[in-house]
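Sequence order for the protein chains is W and U. Letter 12 of the first sequence, counting from 1, is numbered 17 in our numbering, and no numbers are missing. Letter 110 of the second sequence, counting from 1, is numbered 111 in our numbering, and no numbers are missing.
It should be emphasised that the hints constitute simulated quantities derived from the structure, not laboratory data. For each residue, glycine too, the CB sits at the ideal point set by N, CA and C. Please note that a few of the clues may not be correct.
Said to hold, decoys possible - Some chain W residues close to chain U (C-beta under 8 angstroms, calculated; not the full set):
no. : residue
1   : Ala65
2   : Ala156
3   : Thr162
4   : Asp182
5   : Ala186
6   : Thr277
7   : Thr280
8   : Asp287
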Amino acid sequence: MTSPAFKQNAHDALADKQLQQALGNVRAGFIDKRAQAADRLPEFEALRDSARDIKNHVLAHLDLYLERYETKVREAGGQVHFARDAQEACATIVEICKAQGARTVTKGKSMVSEEIGLNAAIEAAGMEAIETDLGEYIIQLRHEAPSHIIAPAVHLTKEQVESDFRRLHTHLPKDRDLTQAEALLGEARMVLRKRFLEADVGITGANFLVAETGTSIIVTNEGNGDLTQTLPRVHIVIASIEKIVPTLEDAAQILRVLGRSATGQDMSVYTTLSTGPRRPDDVDGPQAYHVVLVDNGRSAMLGTEFEEMLRCIRCGACMNHCPVYHAVGGHAYGWVYPGPMGAVLSPSLLGVDKAGHLPNASTFCGRCESVCPVRIPLPKLMRHWREREYERHLAPATYRYGLGVWAFFARRPALYKLATGVAMPVLNFFGRKKGRFASLPLASGWTDHRDLPAPQGRTFQAQWRERGGRTR
Amino acid sequence: MSARDDILSNIRRSLGVTGREAPRIAAVEERLRSAPRGVTPMRGQVSRSALVDLFRVEAERVAASVAEVSQAQDIVAEVARYLREHNLPASLRTGVDPRLAGLDWSATSISVTHGPSAGDDLNGLSHAFGAVAETGTLAMVSGADNPTTLNFLPDNHIVVLREADLCGDAESLWDRLRARYGKGVAPRTVNLITGPSRSGDIEQQIVLGAHGPRRLHIIIVRD
Chain W
6 MTSPAFKQNA HDALADKQLQ QALGNVRAGF IDKRAQAADR LPEFEALRDS
56 ARDIKNHVLA HLDLYLERYE TKVREAGGQV HFARDAQEAC ATIVEICKAQ
106 GARTVTKGKS MVSEEIGLNA AIEAAGMEAI ETDLGEYIIQ LRHEAPSHII
156 APAVHLTKEQ VESDFRRLHT HLPKDRDLTQ AEALLGEARM VLRKRFLEAD
206 VGITGANFLV AETGTSIIVT NEGNGDLTQT LPRVHIVIAS IEKIVPTLED
256 AAQILRVLGR SATGQDMSVY TTLSTGPRRP DDVDGPQAYH VVLVDNGRSA
306 MLGTEFEEML RCIRCGACMN HCPVYHAVGG HAYGWVYPGP MGAVLSPSLL
356 GVDKAGHLPN ASTFCGRCES VCPVRIPLPK LMRHWREREY ERHLAPATYR
406 YGLGVWAFFA RRPALYKLAT GVAMPVLNFF GRKKGRFASL PLASGWTDHR
456 DLPAPQGRTF QAQWRERGGR TR
Chain U
2 MSARDDILSN IRRSLGVTGR EAPRIAAVEE RLRSAPRGVT PMRGQVSRSA
52 LVDLFRVEAE RVAASVAEVS QAQDIVAEVA RYLREHNLPA SLRTGVDPRL
102 AGLDWSATSI SVTHGPSAGD DLNGLSHAFG AVAETGTLAM VSGADNPTTL
152 NFLPDNHIVV LREADLCGDA ESLWDRLRAR YGKGVAPRTV NLITGPSRSG
202 DIEQQIVLGA HGPRRLHIII VRD
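If we strip away everything but chain U, and leave its shape as in the complex, we get (with noise of 0.2 angstroms):
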């Protein structure tokens, strides 16, 4: 018997039962395709004009940054500003999402490059899918636009979200990504993020700056 039958029939045997009771087959069923949504804290469930506040003051509770800008071309002007605010190099790595790709850098010194990270770039700027204000946790997603490797190595990440992807809790981001992929379907990856890299693995004490980013800077564009 190969390990999988011998498992799920050690699995069966111990639950007293064959795998083919016609209830226990149609409660999970059921469980999958209604995804019932449980205990919904109240904190995420504020107007669409509360939601921006919630995000900031969560966001900022886990050492993000955060700026409001009211237009897609104004993330230029907050890159350059964040950039030379923490005394950075003026040179940004970036994919190719198409929410990106108008900005017009040439008024500003910093110079672009395209695609994923080898693991040497100081800046990376990346365009969310989504975010959930009740913790302040950006949703990034795996594709063409926006390389999973820049939301890890370089160690200033900044990321623009606009504020019509914004969602109050966990179970809307994931409506949203079935809107995008399908139910049942999901990217390579998805990067939930709340915060910059941290450890607390040196006497209980937490460092920014683990492994991944030191600095975390969150670009909302309330257009």
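Here chain W stands alone, though its shape is the one from the complex (with noise of 0.2 angstroms):
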């Protein structure tokens, strides 16, 4: 976690150059597939509303729909474990895998595992964890966490891909072609059969939780998902308490939004319901299924100004939207959620003195909450987040003194009227042959990186006065 290191881990994002070409795929890929796949279901924006209504109720009631979830996966032959932290949630998998003399353990895509950090859990154990997501085998090889939460390699280029296939899969012949992308994905994808044949305990993620009936469900597009959870003999599914749904109704609903948020198809490929362990008739299937729940910090939010967080579906869009996002990419961000929704999530669950630089890396353009499935007001708890980073004084001195002397003027309205009154024509006068600075004493930490506009004549209270604007 290098949340508090975030200036920094910016600072190098912005100077590499793989990292800057790679980062070029998200500008151009996801925003134009939302925005078509949006404007060909006329329903879509009253899906939204929809969605974000059945999130409401749910975590209104939220104690009801677990015990409910949890009496109906019982009933299914399925067991449900529950975890108050990281620690407690490994612990409890961990002890699934051993009890069943597991060796090799298959994963499907998960972020809440990798917020606890499960894959070092499952080693330090003595038994191999193995990621199956194309994106998350990628990154395991390279040992980095992922940049996206549904893009975990979105930050390589193919050329990386294929040094590390090369310098990793040494079996295969030197002098095969990875040139194209299907020749890696084909690679990745003999690979890893042979994995998912061998592998005792299949661990995957939830998108929903259904209460009506006990079910889990999974969306994915590769079908790694459906083979983690299929061919070993034990499933364990990995989810967050938040992602319960009342019906298979409301899963429906949100479904109809996940999808063409995230990556612009009207459904992922697949989305699988699994209720419990293999039925006595089942040719196939898991003969054991546990459901591990995981609190880790959200019941806590649950009745603050940041339960509407607890709406999130991890969809993406708000980073594949993001200024800030495309230019730093998600590891800057430095901790397993990036992007708008890492900004507001991240402080909640780390503690704001380490990821309070998050919710300050935004220019509040609005973006992401504009295309937000479930409208989670994203600038609004950023900056309930600095409020509280402000309050607490973890906001840096230069900060709060540059914040003292405009609210010493702003409060002051004629000597704001004097001070800027004195400083345009000044500014005016050095500035007017460029129209820009490249370059101001003592405000290089802008300069240095963008151009300062020079003032076009005169102060804006001057000019709202001429136009007739009333003053008080």
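Make one complex out of these two single chains by using the hints.
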């Protein structure tokens, strides 16, 4: 976790040429696809309201739905485990794996498993954890964290993946052609197929937990999550407590906004409902089914101004549309959740003392909120964190001093008018020629990276009065 | 206190409730009982006769192929044609679905094996429980008849769908599931499949055939 070093991380990311090349794919890909998918469904905006309302209803009744969900899983022959925090969740899963005498564990993509550091716990207990989503597999080979919640390897170029495959798949012919994405995917498919078949335990996350039936639902495109949960003897689902929906109808409502918001797909390729272990007549499927429900700070977010963040369905639209994410990528945020959703969630889960820089990494342009499928007011929540950071005196002294100076003038309109009335003509005089400043004394933090526009003409207040605007 | 009780009491403290309030309990029970549908897109609300066309359009949009036959016996010829056209070996693995059991493969050179896949089958044949026209989605259920492994392990997946089992929207599919398994009960696995497997994890470029089938062929029986 390097969130406290966000400024340095961002600085390094901006200078990383390969990263900047890869981030071009985010800017180009996700935004158009989402817009096209949303445009093709006239009911899309109404469905966003519906999804928001479902999530709000669940959060207001979360205790009761969790109890119902637990009962239904048990009735279907599954087991439910609750975990207060990351350590308890890891210990529970390691224990289930050990009781099975497991040696290898395959994993579908799960952000909460990243949050709790599950792979490290499994490996520390002497078992092998194998990520099977292509992106997760690639970053596991590189010992990296995901840089995006649905496209974990989006920070890498094809050439980087090729060189990792050549470095680690040493049993394959050296002269094979890996220049195309098809060849890289084909190689991962072949290597992982063997691992799927030999795994003892399969772990998946969950996009939804359905209280009505005790069902967990995963949404994938590759089919890796399905092989993970179908082939081994044991299927473990790890999910955070806010993933509950009341009924299958509610899941269908949210599914209609999830795929479109994430990848611009009307539906992801595989939406899979799992309920308990295999039945007596079933010819395949796991013999045991466990669900580990993780709190890890979420129950404390209920009833606070950050409760709305618990509506998040992890589609990634906010980061796909974020100019800050586009500039620095996901790793700069220093933990598993990047972008605007991470800037709100990470301080809740890690503490504002560790992740307080993240809510500052926003221009408040509002694009994240405008595309959020469950209408989370992300800029407002980031502002709440900024206020808390300020109140707790965690903001740097220069920042507090600057704000203090501005506030002093802002509260005294006559002085403000005088100060801007003096500053404007001076800046205007020096910057008139080019219309902008490439450097300014005391403002290098701004002008090192972009020009400061030179004031044009007169102050806002003067123009306001001129156009007949009212003054107090 | 157990983790379970701890978490539930934390939630209740945060929400300012005890968990015993009658109106809250009633709201939850009512929602689970009535399962309101919410916003249903018009796209799937078409006449029965238009459903097949809508399904075909949507399935082809996601790179599945669709064929129609007028009776179950014609499935054999269509499967043979498909394998030939794509230059695939004349072998096929399928479950023991009674709706496919009567098919006579003797007129073809296709060798048919039965039961779950162990990961080395090139071609799989399954029968769908239903489908959703709104998104071109197939619904497969686990059980004795159609192994779940056949949905994912073979390179080429051929799925038979009866026209009568085609729904306009997911909500109608849920109704059919409840009619079959009972309210509040579900089979071990329901696989909703929308096109062949794919990944966009390398430079955002979509490539078909990730870990699941590279090709998905749907045969609609219009009897």
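Against the structure, the hints come out as follows:
Taking 8 angstroms as the C-beta contact cut-off toward chain U, the hint placing Ala65 of chain W at the interface holds, the least distance being around 7 angstroms. Hint status for Ala156 of chain W: holds, given a least beta-carbon distance of 6 angstroms to chain U, under 8 angstroms. With a least beta-carbon distance of about 7 angstroms to chain U, the hint placing Thr162 of chain W at the interface is held under the 8 angstroms criterion. Taken as an interface hint, Asp182 of chain W does not check out: its beta carbon lies about 15 angstroms from the nearest beta carbon of chain U, beyond 8 angstroms.
Because the closest C-beta pair between Ala186 of chain W and chain U is about 4 angstroms apart, less than 8 angstroms, the hint holds. Nearest Cβ of chain U to the Cβ of Thr277 of chain W: about 5 angstroms, under the 8 angstroms cut. The hint holds. With 8 angstroms as the threshold, the beta carbon of Thr280 of chain W comes within range of chain U, its nearest partner Cβ sitting at about 4 angstroms, so the hint holds. Checking Asp287 of chain W against chain U: minimum C-beta separation of about 5 angstroms stays under 8 angstroms; hint holds.
Checked against the numbered hints above, the structure breaks only hint 4 and satisfies the rest.
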